[in-house]
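Peer 1: One letter stands for each residue in the lines below.
Protein chains: 4
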Amino acid sequence: MSKLKVGILGATGAVGQRFVQLLADHPWFEIVALAASEQSAGRKYGAAVHWVLERDVPAAVREQEIIRATPEQLRGCCSLLFSALPADQARFLEPELAAAGFAVFSNASAYRMEEDVPLLIPEVNPEHAALIRMQQAKRHWPGFIVTNPNCSTTHLAGVLKPLHDAFHLRKVLVVTMQAASGAGYPGVSFMDLLDNVVPYIPGEEQKLESEPRKLLGQFAGDHIVPADFIISAHANRVAVRDGHTEVVSLEFQHRPAVAEVVDILRTFRGLPQRLQLPTAPPRPIIVLAENDRPQPLRDRMRGRGMANIVGRVRECPLFHIKLVLLGHNTIRGAAGGSILNAELLARQGYFPDFTPDSDYTGAAS
Amino acid sequence: MSKLKVGILGATGAVGQRFVQLLADHPWFEIVALAASEQSAGRKYGAAVHWVLERDVPAAVREQEIIRATPEQLRGCCSLLFSALPADQARFLEPELAAAGFAVFSNASAYRMEEDVPLLIPEVNPEHAALIRMQQAKRHWPGFIVTNPNCSTTHLAGVLKPLHDAFHLRKVLVVTMQAASGAGYPGVSFMDLLDNVVPYIPGEEQKLESEPRKLLGQFAGDHIVPADFIISAHANRVAVRDGHTEVVSLEFQHRPAVAEVVDILRTFRGLPQRLQLPTAPPRPIIVLAENDRPQPLRDRMRGRGMANIVGRVRECPLFHIKLVLLGHNTIRGAAGGSILNAELLARQGYFPDFTPDSDYTGAAS
Amino acid sequence: MSKLKVGILGATGAVGQRFVQLLADHPWFEIVALAASEQSAGRKYGAAVHWVLERDVPAAVREQEIIRATPEQLRGCCSLLFSALPADQARFLEPELAAAGFAVFSNASAYRMEEDVPLLIPEVNPEHAALIRMQQAKRHWPGFIVTNPNCSTTHLAGVLKPLHDAFHLRKVLVVTMQAASGAGYPGVSFMDLLDNVVPYIPGEEQKLESEPRKLLGQFAGDHIVPADFIISAHANRVAVRDGHTEVVSLEFQHRPAVAEVVDILRTFRGLPQRLQLPTAPPRPIIVLAENDRPQPLRDRMRGRGMANIVGRVRECPLFHIKLVLLGHNTIRGAAGGSILNAELLARQGYFPDFTPDSDYTGAAS
Amino acid sequence: MSKLKVGILGATGAVGQRFVQLLADHPWFEIVALAASEQSAGRKYGAAVHWVLERDVPAAVREQEIIRATPEQLRGCCSLLFSALPADQARFLEPELAAAGFAVFSNASAYRMEEDVPLLIPEVNPEHAALIRMQQAKRHWPGFIVTNPNCSTTHLAGVLKPLHDAFHLRKVLVVTMQAASGAGYPGVSFMDLLDNVVPYIPGEEQKLESEPRKLLGQFAGDHIVPADFIISAHANRVAVRDGHTEVVSLEFQHRPAVAEVVDILRTFRGLPQRLQLPTAPPRPIIVLAENDRPQPLRDRMRGRGMANIVGRVRECPLFHIKLVLLGHNTIRGAAGGSILNAELLARQGYFPDFTPDSDYTGAAS
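Chains C, X, F and P, in that order, give the protein sequences. So the mapping is simple: the numbering used here equals the position in the first sequence, first residue as 1, plus 259. So the mapping is simple: the numbering used here equals the position in the second sequence, first residue as 1, plus 259. So the mapping is simple: the numbering used here equals the position in the third sequence, first residue as 1, plus 259. So the mapping is simple: the numbering used here equals the position in the fourth sequence, first residue as 1, plus 259.
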């Protein structure tokens with residue numbers, strides 16, 4: 260099997276670095292293009308990047324030359340692009356690239372809530388990928404845009420999914436304590452976060468209150484009918500490097516027992532698990548029994564950063580259930596989530612020239 | 260006016276140090292006894308204490324000798340005691356001291372929820388002080404015990420008070436992000452909190468779900484009828500030195516306008532403000548307009564650590580109102596709150612030998 | 260006495276904010292001009308500044324309009340300017356302002372090592388102020404530039420001064436552990452400093468190895484003969500907000516006793532102390548006896564941030580003496596140092612229209 | 260090859276946990292005994308330990324029962340013990356165990372400087388292991404004690420070794436910035452280290468000034484002649500989890516060129532590398548070229564925590580060379596160092612019943 264050639268847009272930023280790190284040894288994908296701003300273009304990746312992740316710049320890309328993120332530069336070298344662009348650049352560039360035939364897997368918020376753009380988490384709503392054909396027809400694009408949600412939404416929706424299926428959600432109150440890496444690099448000043456909490460993240464509460472309803476909504480032929488529960492969100496920045504912690508109170512159609520909730524979460528497996536996608540964690544949700552967990556420091560790397568971790572499932576005096584959840588915001592909540600989307604579509608035949616090897620013989624969705 | 264002589268129990272601990280710091284130049288009270296554990300007894304305070312607060316050990320107490328916290332040691336030197344004892348010691352020692360005639364102002368949780376013990380915040384429920392006479396009659400104590408609430412409860416109840424009066428609370432969902440100093444000294448290990456959130460504080464959620472209902476309850480002759488709203492609490496420890504941040508969603512009997520809520524909070528003044536008690540902040544609640552405030556680093560010292568700070572008052576999609584509040588947990592939430600209780604009772608004549616000077620000429624309570 | 264009108268260049272940055280804070284209630288100086296970049300010009304100071312210091316923007320300047328830092332804008336409103344400009348802007352603007360008649364007290368590194376520009380710490384080398392007349396003659400400037408040293412140099416030179424006078428220094432090995440605020444705002448990313456040490460600060464070691472020799476050098480009529488000791492510096496950034504800690508090993512002409520060194524440091528008083536300048540700390544050097552002090556958290560605000568704090572004076576197996584020193588880098592090490600320079604010159608008659616009130620009747624230098 | 264059965268003393272503490280983690284999948288050693296204090300004895304390791312390391316308690320030991328650290332309890336189950344005991348317990352227990360026939364590899368400081376006890380780093384002084392036979396003869400012990408140095412000494416000596424061999428050291432000035440984990444768990448209070456530097460670690464400077472001279476000393480038949488260079492140390496605690504950073508100024512018999520120093524460090528390989536011991540890093544010293552490295556956050560895990568990392572090699576104005584070095588204090592500086600010692604002795608035949616498999620066919624020392 261020869262690998263599928265991929266490019267990374269915004270490759271020198273914090274999320275771009277995660278893409279590089281996670282794709283360096285990927286069994287299906289091979290990085291052939293690293294695109295960044297004009298200042299970096301022409302330089303070697305290893306020299307241009309201010310690497311902020313654990314371990315080193317992967318050897319395979321250190322000497323690769325950075326190009327500019329234009330269709331002209333990218334054409335011919337690859338057809339699949341991972342985008343770590345900021346929303347304002349994504350807004351203009353991603354449609355241009357989709358129109359030029361690229362499959363764009365975007366982390367940006369620019370197109371997440373568009374009616375014909377899938378907002379995709381493979382464990383949550385793989386059937387929403389069908390919007391792609393609609394998008395291509397409607398916009399006359401040979402390529403397409405698929406988005407993954409905001410980091411804090413990804414973890415929340417990943418945990419709500421099996422509970423909504425089992426008990427039908429009515430109300431969700433979520434309070435986030437988000438890591439600094441969510442703001443990119445350099446992002447938050449040390450002066451603003453040492454010995455501090457900042458009880459505000461621009462735009463975050465709106466995303467948390469809307470994106471999960473699209474994610475858990477129903478595919479209705481040519482659009483998504485949003486789920487009908489209500490969400491209230493409080494978003495906070497705390498002095499943590501990686502890992503968003505979220506405390507949640509939930510109300511369902513009927514009150515479930517705590518043990519039922521735990522059981523549903525523990526035993527949940529999604530399509531990526533059944534398809535054994537390379538980046539899929541064996542268990543998408545890990546439930547911890549200790550009363551002071553999950554903690555970002557100690558639990559963010561479970562499932563190689565791709566699992567959502569749950570703890571303290573208990574009764575809520577106001578709603579039905581309360582719990583704590585945690586996810587790695589730049590792996591599952593950003594680059595890793597995007598890569599899992601690409602793996603899903605690759606397995607489902609969206610890239611005709613590429614057939615992943617697989618022992619898997621079951622019916623894939 | 261000669262000052263009222265006071266003692267501090269647990270004077271070398273973190274809260275004990277706050278008592279020492281806040282009482283060092285107090286206009287009404289004078290520290291004459293510093294009581295601590297057997298290991299420290301007999302040593303000079305300045306030599307025995309591992310001072311963890313800003314600025315130095317006050318000069319006035321540096322050479323004072325530490326005594327043991329027994330009625331025998333304390334008798335004769337003072338009649339008012341501030342207790343920073345841990346709950347397990349307070350459980351045995353505080354009744355003994357009350358029985359021996361001392362007025363004990365306790366930070367411990369041991370007696371807060373006893374029917375005949377006032378759980379007191381002067382701005383919130385000064386009329387509950389009347390339980391003291393009942394307590395003395397029932398227990399045949401010449402002295403008494405008055406408690407102040409758990410730190411996170413103090414800030415919450417201080418903000419809920421005027422809103423409950425105005426709009427009648429139904430539901431309170433509170434999520435705390437609490438500072439390390441709340442766990443005392445040495446308290447939390449650096450290894451447990453650097454780059455981390457701990458989503459659990461033993462006993463804290465139960466306190467937050469019960470104490471505010473007693474505080475906002477009605478004095479009914481010989482007991483308190485708890486307020487009838489329901490509270491759900493999630494308590495978290497974050498990497499902050501001082502200052503508990505709490506995000507709150509509130510439901511009332513009827514939905515108030517955001518502007519009404521802001522106005523009620525801004526203009527609220529309690530009895531300590533009318534009485535101009537020395538430790539009372541001019542404004543018990545300060546409302547900030549910036550969208551990313553309050554922050555513990557920047558706002559905890561407002562009102563010299565005695566104000567509760569509110570920000571981000573806005574509509575809640577699930578309940579009626581959501582907001583952020585902040586208080587200094589070892590000043591307003593502990594030692595300062597206790598001192599304000601003592602000032603209130605001093606002004607109200609509970610210490611017959613002591614009459615505070617005052618320009619105040621209005622009707623006190 | 261009417262106050263001397265002053266302006267602040269770079270008023271919205273981190274050091275500019277310190278100037279604003281320290282000058283807000285100054286007995287001699289009054290802020291009449293706040294100059295900043297084009298983007299801020301025309302806006303109210305309180306609205307344009309992202310305030311990063313403890314407490315609020317002083318009320319007196321909140322409504323003051325920001326102007327651009329040009330001679331035209333500043334002319335007429337004041338003659339004394341405090342400059343918190345970055346070096347590259349200072350290089351062009353400060354001479355222009357001096358040529359236009361302004362007295363410029365600069366924090367920038369641009370002109371510190373120029374032969375005719377005083378690098379001034381009032382306790383260390385007040386006699387170097389005489390270079391001003393030379394500078395004015397040589398450059399035909401009606402105004403002048405006076406600089407204060409790099410923050411880490413200021414604390415080091417402040418401690419070395421009395422020891423060099425007493426024992427004649429030969430060798431200085433200094434290792435700094437510097438606070439984040441030294442890099443300004445936003446300055447250091449949270450991602451770079453949480454759980455980390457960065458063993459490099461651009462340009463810092465060169466400054467530490469050269470500036471102290473000019474500061475402790477001898478005024479020789481028209482230039483300074485640098486002191487003849489040798490310095491080796493290692494500069495590090497640590498996870499601290501404010502306060503530079505420096506560990507030092509010293510060799511002198513002859514080995515002094517530890518007790519002599521402590522005594523010299525403790526009893527040292529400089530010209531600002533004799534003149535009782537408003538910003539001068541009563542004791543320029545404070546020696547602590549505890550074996551684990553000074554610490555930035557607990558000692559940086561001694562002398563209202565204007566003292567240098569020394570601890571752990573002991574024998575060095577390689578040189579003669581080793582010790583730890585600490586200073587507040589944005590107060591004594593930046594804005595406060597500059598203000599003290601201006602106070603010295605004001606007292607010495609450099610501003611003819613202004614005579615500070617004083618009880619002081621001694622001979623001022 | 261069947262594995263050598265080993266026990267861990269002090270298995271629940273911070274260093275004990277590192278032993279457990281590093282030995283869980285060890286190719287030569289198998290944990291059969293976990294010894295701890297009386298309170299833990301009898302409990303399952305997974306339940307008794309408060310695990311503070313990354314990842315989980317290894318599955319293999321989770322259900323293992325903790326025993327007390329006495330010869331009676333340990334006899335029969337293993338003959339090799341790794342000791343993570345505090346010095347005061349080590350002082351009494353380790354000789355008792357050596358007398359009872361155990362080979363004790365100790366992290367404690369109790370016996371490091373005894374004349375007949377090897378203070379061992381396999382890359383630095385493997386020939387010192389010969390002291391064991393002397394120790395056994397002199398003390399009539401069937402077992403023995405081998406120690407590894409204090410963490411900060413380990414990293415320093417590991418870097419000095421090849422330089423001393425090449426250029427003969429005269430003077431070493433070292434300033435450490437040490438991580439919190441060096442103080443064990445709970446160790447340093449969050450209240451003492453957030454936003455702070457503590458310029459003192461009890462006993463550390465004495466160890467740094469003496470242990471390297473024994474390590475680099477010459478084996479003289481029945482004792483070690485200490486190396487004749489002089490060391491001056493300043494030890495500081497900084498807000499870092501793991502990884503001690505040390506800045507060093509060095510003087511040699513003759514001034515070497517910077518390039519020579521870099522070359523010597525880069526190409527150095529020791530006996531563990533030649534023997535390919537399982538825990539030996541391929542390169543014991545890694546030299547980084549970036550001017551702001553090594554940093555504990557980003558470089559401590561190089562060589563799986565067993566390498567010493569060097570950067571900023573440059574000329575020193577006072578001595579000859581200055582540089583920055585970094586090591587992982589609980590891996591190379593504690594548990595990993597001890598395990599490497601045991602591997603060396605195992606390879607050299609000190610455990611007659613155990614012969615490690617090996618492709619290595621060269622002459623082992």
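Among the hints, a few may not be true.
[Stated by the list, open to error] Think about it this way: if two alpha-carbon atoms lie no more than 27 Å apart in a straight line, the pair counts; the simulated DSS-like pairs of lysine-lysine are: (1) X/Lys397 <-> C/Lys466; (2) P/Lys303 <-> P/Lys262; (3) P/Lys430 <-> F/Lys466; (4) C/Lys430 <-> X/Lys466; (5) X/Lys303 <-> X/Lys262.
[As the list claims (entries may be wrong)] To be clear about the criterion: a stretch of chain X counts as covered by chain C if any three or more of its residues have a C-beta under 8 Å from a C-beta of chain C, and this derived list gives those stretches: (6) 564 to 570; (7) 577 to 585.
In short, the hints are calculated from the structure, not lab data. This structure is a prediction, so every number in the text was calculated from the model and none was measured. From the three backbone atoms N, C-alpha and C, an ideal C-beta is built for every residue, glycine too.
Peer 1: Now look at each hint and say whether the structure bears it out.
Peer 2: Quick rundown of the hints versus the structure:
Of the supplied pair hints, the one linking X/Lys397 and C/Lys466 is violated, its CA atoms being roughly 57 Å apart against a limit of 27 Å. Simply put, P/Lys303 and P/Lys262 have alpha-carbon atoms about 23 Å apart, close enough for the 27 Å limit, and the pair holds. Between P/Lys430 and F/Lys466, the direct Cα distance comes to roughly 25 Å. Compliance with the 27 Å bound is thereby established for this hinted pair. Pair hint C/Lys430 plus X/Lys466 holds up; C-alpha atoms about 25 Å apart against a cutoff of 27 Å.
For the proposed pair X/Lys303 and X/Lys262, the alpha carbon gap of about 23 Å is at most 27 Å, so the pair holds. Given a C-beta distance limit of less than 8 Å, the hint that chain C covers the region 564 to 570 of chain X is violated, as 1 residues qualify and 3 are needed. With 4 residues having a beta carbon nearer than 8 Å to a beta carbon of chain C, the region 577 to 585 of chain X meets the requirement of three or more and the stated coverage holds.
In summary, the numbered hints that this structure violates are 1, 6.
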